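A.B. asks: Take a look at the letters that make up each chain.
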Amino acid sequence: MQNLSDHLAQGWHFVQSLWPEPLRLILFVAGIVAFVGANAAYLVWVERKGAGRFQRRPGPNEVGPAGLLQPVVDGLKLMSKQLIVPAGVDRVLFRGAPLLVMAPVLMSLAVVPFSASLAARNINVGLLMVFAFGSINVMAVMLGGWASRNKYAVISSARMVSQNVAYEIPMLLVVITMVMLTGTMNLNEIVQQQAGWFWHWNLFDWKHNPLAPVTFLIFYICMLAETNRAPFDMAEAESELVAGAYTEYAGMGFGVFFMAEYANILLGCSLATVLFLGGWQSPFGVLSGLVWFLAKMYFLIFTVVWIRWTFPRTQFYGLLNLSWKILIPVSLFTLVLSSALMKLLP
Amino acid sequence: MIKAIKEITFGFWSLVTGMRITIGQFFKPVVTVQYPHETLKIPARFRGHIELVRDPGTGKAICYACKLCERACPSDCITVDGVKLDGAKKKSVTSYHLDFTKCSLCGSCVEACRDGAIRYSREYNLASTNKDDFVIDLFRRLEEEAKSESHPAPAPSSTPAAAVTSPSTPADSPAK
Numbered sequence: 001m002q003n004l005s006d007h008l009a010q011g012w013h014f015v016q017s018l019w020p021e022p023l024r025l026i027l028f029v030a031g032i033v034a035f036v037g038a039n040a041a042y043l044v045w046v047e048r049k050g051a052g053r054f055q056r057r058p059g060p061n062e063v064g065p066a067g068l069l070q071p072v073v074d075g076l077k078l079m080s081k082q083l084i085v086p087a088g089v090d091r092v093l094f095r096g097a098p099l100l101v102m103a104p105v106l107m108s109l110a111v112v113p114f115s116a117s118l119a120a121r122n123i124n125v126g127l128l129m130v131f132a133f134g135s136i137n138v139m140a141v142m143l144g145g146w147a148s149r150n151k152y153a154v155i156s157s158a159r160m161v162s163q164n165v166a167y168e169i170p171m172l173l174v175v176i177t178m179v180m181l182t183g184t185m186n187l188n189e190i191v192q193q194q195a196g197w198f199w200h201w202n203l204f205d206w207k208h209n210p211l212a213p214v215t216f217l218i219f220y221i222c223m224l225a226e227t228n229r230a231p232f233d234m235a236e237a238e239s240e241l242v243a244g245a246y247t248e249y250a251g252m253g254f255g256v257f258f259m260a261e262y263a264n265i266l267l268g269c270s271l272a273t274v275l276f277l278g279g280w281q282s283p284f285g286v287l288s289g290l291v292w293f294l295a296k297m298y299f300l301i302f303t304v305v306w307i308r309w310t311f312p313r314t315q316f317y318g319l320l321n322l323s324w325k326i327l328i329p330v331s332l333f334t335l336v337l338s339s340a341l342m343k344l345l346p
Numbered sequence: 001m002i003k004a005i006k007e008i009t010f011g012f013w014s015l016v017t018g019m020r021i022t023i024g025q026f027f028k029p030v031v032t033v034q035y036p037h038e039t040l041k042i043p044a045r046f047r048g049h050i051e052l053v054r055d056p057g058t059g060k061a062i063c064y065a066c067k068l069c070e071r072a073c074p075s076d077c078i079t080v081d082g083v084k085l086d087g088a089k090k091k092s093v094t095s096y097h098l099d100f101t102k103c104s105l106c107g108s109c110v111e112a113c114r115d116g117a118i119r120y121s122r123e124y125n126l127a128s129t130n131k132d133d134f135v136i137d138l139f140r141r142l143e144e145e146a147k148s149e150s151h152p153a154p155a156p157s158s159t160p161a162a163a164v165t166s167p168s169t170p171a172d173s174p175a176k
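These protein sequence lines are chains D and A, in that order. Just so we're aligned, residue 1 is where the first sequence starts under this note's numbering, counting upward by one. Just so we're aligned, residue 1 is where the second sequence starts under this note's numbering, counting upward by one.
Honestly, the hints are just simulated from the structure, not real lab data. All clues stand as given, with none of them false.
Computed list of lysine-lysine pairs in DSSO-like fashion (alpha-carbon distance at most 27 Å, straight line):
(1) A:Lys84 x A:Lys60
(2) D:Lys325 x A:Lys3
(3) D:Lys207 x A:Lys6
(4) A:Lys90 x A:Lys147
(5) A:Lys147 x A:Lys67
(6) D:Lys325 x A:Lys6
(7) A:Lys102 x A:Lys67
(8) A:Lys28 x D:Lys49
(9) D:Lys343 x D:Lys207
(10) A:Lys41 x A:Lys147
(11) A:Lys28 x A:Lys41
Here are a few chain A residues that face chain D, going by a calculated C-beta distance under 8 Å:
(12) Ile8
(13) Gly18
(14) Met19
(15) Phe26
(16) Thr32
Label pairs and their computed distance ranges (CB to CB):
(17) A:Asn125 x D:Tyr317: 46 to 52 Å
(18) A:Trp13 x D:Ala66: 34 to 40 Å
(19) D:Gln55 x A:Tyr124: 23 to 29 Å
No experiment lies behind these values; they were computed from the predicted model shown. Note that beta-carbon positions come from the ideal geometry of N, C-alpha and C, so glycine has one too.
Chain D on its own, in the form it takes in the complex:
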């Protein structure tokens, strides 16, 4: 008997010595999934409420106080709908696309430092990982559209791919500039470098990048285009393409695409916060923490909504012109300029 309890205790110690890391990871995965889910649901509410306010109407206000239960009811509705797989679709790709579209965002959020100690993984190639996974998202939506066997979906997929190819370039050029300036791809370190008053943020790094605000703007515009948000939402232009690549998706299949869109916005805004707005650093150099990160990120997300309800959709050639004729040359120029300045003013 004594022997058995000894063995059990030994076993327990062994498990305990193994557990901390996996347990922490599981908690983070659950946390990120919950965070993304809650955000996707409530960003829809923010979007609809914002749309209402921008048009001088109250927005959803019947379900719960200020319409706050609307996302819950919407979610229940989506989940209770029948999942229809239309005849003639590529079943595997059709069912797999929603998973493929959601997974990369969740993976990428693992490296985003929400505060000094709140990040699932502190990888020293975090930025690289985010952009590597970021490109899977487009491919997943394209596969979904292609597998749907629907004209609208195929046109939408084609648009999405050419749009994303066009906007990936200026975005990566901007990111290369930032990596050069900060000298690291570790998101945590990038934030730590921006400690102190707000003029230490990369957005106001006049010395090395006099065009830093322009760089930020390019990043933000590319983020809008990559997430297919208005005014760059040609891929799911309702008036032309019904629901674009998501036309054939019913119920939660569509819901997951929708969640992924908001999760991507969340990721893009978090990256903009980390790269340019000092992440969790407070603007006054004291009391830094999670609150500041969330405040900055949600402000950027609100701006996304603000832009959507201000500008009409651009035309497709306008979109490509903007990328190839303006954003890419300007971002190349900032890259060259800041590399020259870094050499001249070490």
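Knowing the structure of chain D, use the given hints to seat chain A on it.
C.D. replies: Chain A alone, transformed into the frame defined by chain D:
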């Protein structure tokens, strides 16, 4: 080159101006009327479907079933009937059916009436999934109105005519 930069900065500035305008609107009060909770005041000369007018002295309908309105109606949607009661000088109306599915609210009946016995009502909540609800018995409607006035608590009724006669007329509802 200079021209292109000018164009870009001007274009960007116009976008900023647009965003400034929309955020200005964001903080202004709501302009829409929250319909089921609040209604607009109905104009005095609103033309709803016609209704019978009561004689304020007797409380009965002024109409004596002369059928001028029935004849004036271009769509043939009015059916009036009346009887001559003992001792009365004129006939009195016993039924007045308005087939609102055909009525175009032209008002010829109101014009034709010599004694002001019919007028436009202020009824506008007329939506229904049942076609029979639009054949309105105006005489019964009048009697129910008289009853609800003498007894303040209106008795709910399931007749089709009552379906379009809400206890509180829209004119009484709070105006925005």
